[in-house]
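S.K.: Listed here are the chains, written in short residue letters.
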Amino acid sequence: MLNNESLHFQTLSESGKKIETSQKVFYTVFHKSPVMNSITDAITGKFIEVNENFVRFCGYTKEETIGKSSLELNLIPHPEQRAKIITSIKEKGYSSDVVLEVQTKSGEFKWVSVSAHAVNINGRNCFITAMVDVTERKKTEELLLQANKKLEALNADLEAKVEERTKKIIADEKRFRLTLDNMLEGAQIIGFDWRYIYVNKALEKQGKYSKEELLGKTMMEKYPGIEETDVFKSIQQCFNERVAILKEIEFTFPDKTIGWFELKIQPVPEGVFILSVDITERKKAELEIKKLNEELEQKVTERTAQLINVNKELESFTYTVSHDLRAPLRAINGYAKILQEDYTSVLDNDGLSSLAAILNNSKKMGELIDDLLAFSRLGRLSSPPSEINMTGLIKTVIEEEMADNSRDIVFVVQNQDLIPAMGEQVLIKQVWANLISNAIKYSKYKPKTIIEIGSYYKDDRVIYYVKDNGSGFDMKYYDKLFGVFQRLHSQEEFEGTGIGLAIVKKVIQRHNGHVWAESILNEGSCFYFSLPTINS
Amino acid sequence: MSPIEILFVEDNMDDATLTMRALKKSGLSNVLFHLKDGAEALDFIYRKGIYASRNIEDRPKLILLDLKMPKISGIEVLEKIKSHPFYKAIPVVILTSSKEDPDIKRCYELGANSYIVKPVESDNFFHTIKELGMYWMILNQPPH
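Heads up: the protein sequence lines correspond to chains A and B, in order.
Be aware that the first sequence starts at 10, since it is given in this note's numbering, and climbs by one per residue.
Be aware that the second sequence starts at 281, since it is given in this note's numbering, and climbs by one per residue.
Derived by calculation from the structure, the hints in this document are not laboratory data.
A portion of the hints provided could be inaccurate.
Listed below are the simulated PhoX-like cross-link pairs for lysine-lysine, each with C-alpha atoms no more than 20 Å apart in a straight line [to be verified]:
{"hint": "1", "chain 1": "A", "residue 1": "K321", "chain 2": "B", "residue 2": "K304"}
{"hint": "2", "chain 1": "B", "residue 1": "K341", "chain 2": "B", "residue 2": "K304"}
{"hint": "3", "chain 1": "B", "residue 1": "K385", "chain 2": "A", "residue 2": "K321"}
{"hint": "4", "chain 1": "A", "residue 1": "K372", "chain 2": "B", "residue 2": "K360"}
{"hint": "5", "chain 1": "A", "residue 1": "K242", "chain 2": "A", "residue 2": "K273"}
{"hint": "6", "chain 1": "A", "residue 1": "K71", "chain 2": "A", "residue 2": "K101"}
{"hint": "7", "chain 1": "A", "residue 1": "K93", "chain 2": "A", "residue 2": "K71"}
{"hint": "8", "chain 1": "A", "residue 1": "K214", "chain 2": "A", "residue 2": "K231"}
{"hint": "9", "chain 1": "B", "residue 1": "K379", "chain 2": "A", "residue 2": "K373"}
{"hint": "10", "chain 1": "A", "residue 1": "K450", "chain 2": "A", "residue 2": "K489"}
{"hint": "11", "chain 1": "A", "residue 1": "K256", "chain 2": "A", "residue 2": "K242"}
{"hint": "12", "chain 1": "B", "residue 1": "K379", "chain 2": "B", "residue 2": "K360"}
Computed list of chain B residues with no C-beta within reach of chain A, every gap over 12 Å [claimed, not checked]:
{"hint": "13", "residue": "D294"}
{"hint": "14", "residue": "T299"}
{"hint": "15", "residue": "L312"}
{"hint": "16", "residue": "K348"}
{"hint": "17", "residue": "E359"}
{"hint": "18", "residue": "V373"}
{"hint": "19", "residue": "D403"}
Reference excerpt, derived from the structure (chain B facing chain A, CB under 7 Å, subset only) [said to hold, decoys possible]:
{"hint": "20", "residue": "D291"}
{"hint": "21", "residue": "N292"}
{"hint": "22", "residue": "L298"}
{"hint": "23", "residue": "S377"}
{"hint": "24", "residue": "S394"}
{"hint": "25", "residue": "K398"}
{"hint": "26", "residue": "V400"}
By construction, the Cβ of each residue, glycine as well, lies at the ideal position given by its N, Cα and C atoms.
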């Protein structure tokens, strides 16, 4: 437009008036145009003329501008952008709409769109340049560009993520499938049409068919008669109710072999997923154990019956012994008594003392038999253990033991009190009676008899003791102390059959306790026994 | 023959001799009748064999019964006595060699009145038998 104008302007320059009018028009158009106009020398690049908008835009006054080049004014920070315009003008005579950055006087950077034409004004080669402020546009573009870039980056990021995820999912799927394929449990997916959709390696082994034989086939095809089984009903239930079912099944294969499986049937979108563990070996072992247990029980029953039998035999033996041994003894003793009572006159002193010996010994043997029977009876008597008030019990025992005794005996009960314990009262009373009567008996040669009784806790037991200041015994014979009919003293010194401590030992052992003793010859003995506490 | 007051069933002749001697010393031997085993005791009760002609009214006041006898045991004899309409009211004292005797409980269940263990020692034995005889014959009035 400007180009045409200037041409027009040139052609009109011949006529003076018209020229003057045209100049006015040009002047006005140039200076008042909203576009920033300038005219520069084509060779020096120095400004020849700039319009108002140009001045306002660049911040330099007209005076500061005219005669200076844009480079001198430092208007164009990127001269290569300007070079582009120059090149275009040189080639085509004009350059249009080149966007470049300018720096105003205040140092502000702005964007302009530049169009320039080469013109000859009064024989001088000039460029007439029009600039439009496109800073706002450029800013918007810039923002857009940035937004776009951001978007692109986001997109790229997203794509990368998607790709990564996809890779991961594929890897996961691969891993899961690999896991599923190779895990020890059998895994299968059965479709609603009863067809095998998936089977793993373990299932091939469990089901006795290869994957190829199973996939796509129905369960009924592969296992005829399965409709009648529990497992079929459970799968059907899972199809319908869509709840997981846990089940232990016995399964008969088409080859008639039997297997046991633990199944977990759970609903999946395709149908059901079945996880199966082959428990055949375990089941076999269980059955074996059950069988063994039954056999064992049978054996126990047999043994118990045998034991009951033996016990009965023993009981009848005991009875026989007591009966059959006592009967002849009674006769010996009885007839000797008759002799003693009715025939004293016909016997001399030797005869009479022999008779006395017969009576004494047969009586003694009777006592031995009675003791033996009492001892064997311990093994058979049984009542549930209960809490025993030991203080009360020993009081009774002492009273009973002292009933026929005129000796002056001092009993010292430690703390006046004994710890209670669990036991069979009748038997424990016998223990106290034996120990206390022993203490009395074996201290009969001492001028003053002191018997100390006490108790204390040790571990989870109660320990009781009976201590005397009697004759004591030699510890080197200790191992004979608790034996049946074992005696460490002569009959003349201390009477007795030797059953008392054997009974003590047997009773305490029956209570899972211990019996022991300490003694110093001629100084005294101390007998200990332990019993369970009332809390045990 | 005077009426029988004590019926004594004992197979062991030694025990029988000693028991009868003890009772004799208490003045009870003349009314005592000794039967030598369970079979004879049953014959006596049911009036069979040599006792076929025995008077049924001749009823003892006390029966001393040994438990352990060959062929027919004291338990069986006791059972028969206690189920006999005519003899079941007679007190029966069981003689045994041992308090271990598993039949003692059974004896009480069948209605025995008491039991005594024959002691080995003769003083005791004589004493026990005498006491027993006296108690049941004199102190304890049998029901009629």
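S.K.: Just to be careful, I want the Cα atoms of K71(A) and K101(A) compared with a cutoff of 20 Å; is the pair within it?
M.R.: Given pair K71(A), K101(A) is violated - Cα atoms ~30 Å apart, limit 20 Å.
S.K.: Does K360(B) sit within 20 Å of K379(B), going by the straight-line distance between their CA atoms?
M.R.: Violated, because 23 Å separates the two Cα atoms, which is more than 20 Å.
S.K.: For the pair supplied as a hint, K242(A) and K273(A), is the alpha-carbon distance within the 20 Å limit?
M.R.: The hint holds at about 13 Å.
S.K.: Please work out if K341(B) and K304(B) have their alpha carbons no farther apart than 20 Å.
M.R.: holds, 17 Å
S.K.: For the restraint on N292(B), tell me whether the closest CB of chain A is nearer than 7 Å.
M.R.: holds, 6 Å
S.K.: Hint validation: K398(B) versus chain A, beta carbon distance must be below 7 Å. Holds or violated?
M.R.: At 6 Å from the nearest chain A Cβ, K398(B) passes the 7 Å test, so the hint holds.
S.K.: Does the alpha-carbon distance linking K450(A) and K489(A) stay inside the 20 Å limit?
M.R.: It holds: about 19 Å lies between the C-alpha atoms, which stays within 20 Å.
S.K.: Does the nearest C-beta of chain A fall within a distance shorter than 7 Å of the C-beta of V400(B)?
M.R.: Because about 3 Å separates V400(B) from the closest Cβ in chain A, which is inside the 7 Å limit, the hint holds.
S.K.: Would the pair K256(A) and K242(A) pass a check requiring their Cα atoms to be no farther apart than 20 Å?
M.R.: Judged against 20 Å, a Cα distance of about 11 Å means the pair holds.
S.K.: With a cut-off of 7 Å, does the beta carbon of S377(B) approach a beta carbon of chain A closely enough for the hint to hold?
M.R.: For S377(B), the interface hint holds, since the closest Cβ of chain A sits about 4 Å away, which is under 7 Å.
S.K.: Grab the minimum C-beta distance from L298(B) to chain A and call the hint holds if it beats 7 Å, violated otherwise.
M.R.: holds, 4 Å
S.K.: Compare the distance between the alpha carbons of K321(A) and K304(B) with 20 Å, and conclude whether the hinted pair is satisfied.
M.R.: Violated - the C-alpha atoms of K304(B) and K321(A) are around 39 Å apart, more than 20 Å.
The structure is inconsistent with the numbered hints 1, 4, 6, 7, 12, 13, 14, 16, 19, 20 and 24, although it conforms to all the rest.
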